[in-house]
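Generate the whole structure from the sequences, applying the supplied hints.
Listed here are the chains, written in short residue letters.
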Amino acid sequence: MSTTEETTEILPSRDALDQDWRKVGNHGLLLGLALIFVSLANMPVSLDTRTIIEPLLSMGYLSLIWIPVVMGFVVSSEKVLEGIAYHDKGAREVAAGGLVGLIGGLGLSLLVILLDTFNLRDPLVNWSPALLELLHFDNGIGFGVVIWPVIGSGLGLFGGALHVLPSVARTVVGWIVGAVLVVAVFETVIMDLLTERLPFEFITDWFYFIRGGLSQQGAITVAIIGGALGYLRVLGQRGVVPTPVQNYKQLAGPERARANTLVIIACGIATAILPLLLGRITNELLANVGLFVLLALGLNIVVGLAGILDLGYVAFFAVGGYATAILTSPNRGESWPDWMPQSHWFVALIVVILFAILTGLFIGAPVIRMRGDYLAIVTLGFGEIIRLLFLSDWLGGYTGGAQGVTNIPGVDLGFVEIKGTDPRAVFYLVAVFCAIAIYVSWRLENSRLGRAWMAIREDESVAEAMGINTVNAKLMAFVVGAVLASFSGAIFAAKVGSVFPTSFIILVSIVILVVVIVGGMGNILGVIAGAAVLIGVLGGPKQPGLLAEFSEFKLLIYGALLIFMMLKRPEGLVPNVRRTRELHQDEFLQDAWLRSQVDADEEDGAPSGEVAPA
Amino acid sequence: MSERLLTIDNLSVTFGGLHALRNLDFHVDKGEIVSVIGPNGAGKTTFFNMISGMVAPTEGDIVFKGESLVGLDPNQVTARGIARTFQNVRLFANMTILENVMVAQHCRTKQGVFGSLFNTEAFKEEEAEIREWGEKVLGFFGSRLVGYRLDQPASVLSYANRRRLEVARAMATRPEVILLDEPVAGMNPKESEELTGLIGKLRDDWGFTIVIIEHDMGVVRDVSDRVVVLDHGETIAQGSYQEVSTNPDVIEAYLGRPAEEAS
Amino acid sequence: MTTAIRSRAVPRTGVDWFLTVMRTGLSFFFISGVVLFLLQQIDPQNPIAGVLNPDATGLTADQLEGLVISGLSQGAMYGLIALGYSMVYGVLGFINFAHGEVFMVGAMTGMITSNKLEEAGIWEDAFPVALVFIILVAIVCSTATAVIMERVAYRPLRGSPRLIPLITSIGVSFLIQNISIVLLGPGAKSYPSLPDWLSQKRTILFLEIEGTKMMVVLVAAISMAGLWYLVERTKTGKAMRAVAEDKEIASLMGIDVNRTIVTTFAVGGAMAGVAGILWGILFRSVIHTTGFLPGIKAFSAAVVGGIGNLGGAMAGGLTLGSAESLAPLMVLEPWGVNGVSQLRDAVAFLVLIFVLLVKPTGLFGERLSAEDRA
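Residue numbers (our numbering), protein chains in the order written: chain A, -14 to 599; chain B, 156 to 418; chain C, 9 to 382.
These are computed hints drawn from the structure, not numbers from a lab.
Over 10 angstroms on every C-beta distance to chain A, these chain C residues come out as not near it, computed from the model:
id: 1; residue: V145
id: 2; residue: A196
id: 3; residue: S201
id: 4; residue: V227
id: 5; residue: K246
id: 6; residue: S259
id: 7; residue: G262
Quick list of in silico lysine-lysine cross-link-like pairs, DSBU-like style, CA-CA up to 35 angstroms:
id: 8; chain 1: B; residue 1: K265; chain 2: B; residue 2: K220
id: 9; chain 1: B; residue 1: K279; chain 2: A; residue 2: K234
id: 10; chain 1: C; residue 1: K197; chain 2: C; residue 2: K124
id: 11; chain 1: B; residue 1: K356; chain 2: B; residue 2: K265
id: 12; chain 1: C; residue 1: K124; chain 2: C; residue 2: K209
id: 13; chain 1: A; residue 1: K553; chain 2: A; residue 2: K64
id: 14; chain 1: A; residue 1: K234; chain 2: B; residue 2: K291
id: 15; chain 1: B; residue 1: K345; chain 2: B; residue 2: K185
id: 16; chain 1: A; residue 1: K64; chain 2: A; residue 2: K74
id: 17; chain 1: A; residue 1: K8; chain 2: A; residue 2: K74
id: 18; chain 1: C; residue 1: K243; chain 2: A; residue 2: K8
id: 19; chain 1: C; residue 1: K197; chain 2: A; residue 2: K527
A virtual CB, placed ideally from N, CA and C, is assigned to each residue, including glycine.
Here's what the structure looks like:
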């Protein structure tokens, strides 16, 4: 953006009434619908129990009020194109935000009146008096009808005003809001970290209210700290204050390598120490996140590196889980011969790896030559077939049918047994396997095989013409992904102590896919971040996250997030440079074209061919 | 007489009743530069696709060094020593320039998961080796594909440089025969003149045998030992540039215009 | 653009060998299962038939007839959904994974409307009118869902890498399912009971058919005929076919490509809406996941019939429906698999895999534009 300012003319801001009325109207209507939908989805009521700032703000009201702000902002944000003059932001943008908020607020007023007049509880399960009360703040219908347009336009004005604020102020406001939300959402973790082993009760007492949520003084403190950090960041961006990130980026060669090693060691130490400071619940959470990190890293190899959309990924997780269960549990299906021993988890793991490789080959071979989208559906079919087989009476003698396999022992290390009752130990086990997975992904990405995968992702038929055996390379991706998923399955079985067909539904595949995509396809760090944010905060398909109140809505949010990411940021939160280029092909082609013009100029008269070796 | 490298015997291919190539006979000797010319739609690219295994012939045989190539996958053909470029430049645009030539050596290398995971000596050696060869083939085009360019994505290259990188990528597969599909298309006269010189070097200094599809008659005249003219999937003439360019059939195929102006 | 067209007659690599083994194995499995079944039907005491499954009892003529009829009626429903997949794939070259959810929306609106009608007493008294009404409501809602989906999620992605719209459609599918959960609740909901005169069995020629199933087939046939007329005989249909063949050329010929694509989604949505009502009538119960399995099966049906081929989609639906209904008893049971009815869904997927392995262009040939065939 910095270059555009030089070449692009800025016109004076426009009058408040000089609006694109149609756009304002559309956004207003959209806002109204969104507010009504959120209300009828029961978010305000069921999230009302979770406090953010006592007693001012609950998650329930937050679920409503963020939308007008965003809409108020979005309505007047426009793309700035190089060389095309644009208007400075001003009264028009603020007014547009306010108007959008007003229309949206009227939508909620309408809902209040409807809730009071009709009873549509029959199809709409959340059409309840509780919702009505929440919407009129216990102050009667009239109040509810009047207050929402007021609140709406207020929030909309605020959203619109964000355009007018200088960018420093915008960043600071962003950081304040972010800091308050993060500290509120991570309450359990922070409490646990500071009070479980460490004697910092006085800090948490200052920040948090007894029954949950930030206290007012805590919120103000967090806001001040957040704002200060935001301001520091602005200074850092402008080069006034050096920031660690920029320092790091300036490093080169061996220095950078040393910095990398230091960061890795620091992460390792943090991973080793953190669980010791945390209590049960948080460690359990970490263990779940770790399991999904492992799964997501595996899928990342298949989808992110090789570009194969495998929707039946859960099949490998299931194979890992079931194979471990059957080999280690005394309670396996009755059809197994008596001589089959009950083996140790590590012995089972070897068999699990073999099985995963076989399953990877078996599922991979038939689908490998199919078109990408057919492959997706067929792998999904395989995922279902495997689950249905585990569930069926036919194999019930071996897999326990719907009853599954129970009594799976933990991992006995001699001095300690790792099992579900000790989430800290489980976390360490998961962390070790995650480290392996990270190492494998990192090594493979920069190897002969990794390059072949990239080439296949870019253009399969050219890759084949350049001598790459695409079938084998893709099968390898399948197999490596399968092995990583089966590790996760094996740990899962030992952790939970039982496996059921219902643990391996297609939903799991989809959730992992969302994690990989939100994090950033092809990016190891991104995938870890994605798993931590999504699984840690919202929760996995069956595992609760930090926001346990969100369990009803998490899948809704996953779906919305998947669409949003694909439309707005297909490269994910932490983008992989290469993938970004691929996904924004048009823009990059344009850039490349511009650059090639420059190139061509440079090249004229350049000596050529003289260095040709003999 | 020099060694016969590639023989094509009575080759035909039909796409749903349409004869793309009909009863084609063709041969290349070691160290030759053979041009394949013909009007648009004459089946030249199909001919290349067939040699490189992307299209299966309906009839006939392709023999390379005494072994039939019919039915082999493209990667197997490349592994046996026939590399190609594409008419419409199909680089791995988001891979770096060095990666483009490194990945092309896939069939000449063998390190698998094990080597890369444990960073074995063999793995390191192989990586160093393909890197070295990659830089060497890139160096063939002077300084424009090496140096700081090595780690830039191929998409930033200018059009002419992309064409050059395509040739380098084909060279990187360590072939005996390189099939060049309109290598100078879209280049300005100066660039195409330079590349024409380089094609000669490819044979003289690097020892590649070259089959080239080209519309630019100047290039054809300058580089080829022998010219084969295709029309409607059939060979209508064969011989030196002089012989072919005066052949009445060829002139007729180019709608009565003299061949020199057909480009 | 070079399309890789290769003959695959001679297996060369390990994978090819494996695939040949798999093709042969699956074919052998299906064929010998049927042969065993037939042997058993002819003579239950037949020694060969008893080898694999001594407990198998075979089927009576009535059972067989029942299976065929329920297979066909479900198949007709799959066929209607498959049309949407097939048309969208033909035009845009991507699998609209969320099409199953469009069908679910149809079934849900049908459930809500029919229950309201029952409260008002119209359902019992004037069933044909009520039926036409709920079908119309379902068509409107499903069409709206499909059109909004195209506008919001797919149109901005036109021209992006192939897998992007597919992943988006998975998100859309997920979102619609969960919208249904949060608005309508997670439990299964039922349709009001059908009038007796409809659910009775009646004899037509020599077959005894439940009225509902007959109606399902009838409604599907009418919808299919309507669609055929639209695509083959109207200007809109001609535009659709042109866009499916080549979007750029079509737009040069003055066809509004965007509008035609919307029409395609709308028509597919309408068909899915009708199918939703048929589901309601056949099974009388809907839940948010109702769209998922039938959706995947309908896609399989579209592939089985040859994607992009509308007649093929319907035929594929009927094939898949009957296979799913008959194969567990005719193929799996003779092989000694017990609890075969649990494996119905697995059979549907197996049919998809089998067809893609043996004849990837489908039984009746695919119709795709050149760019999508690659």
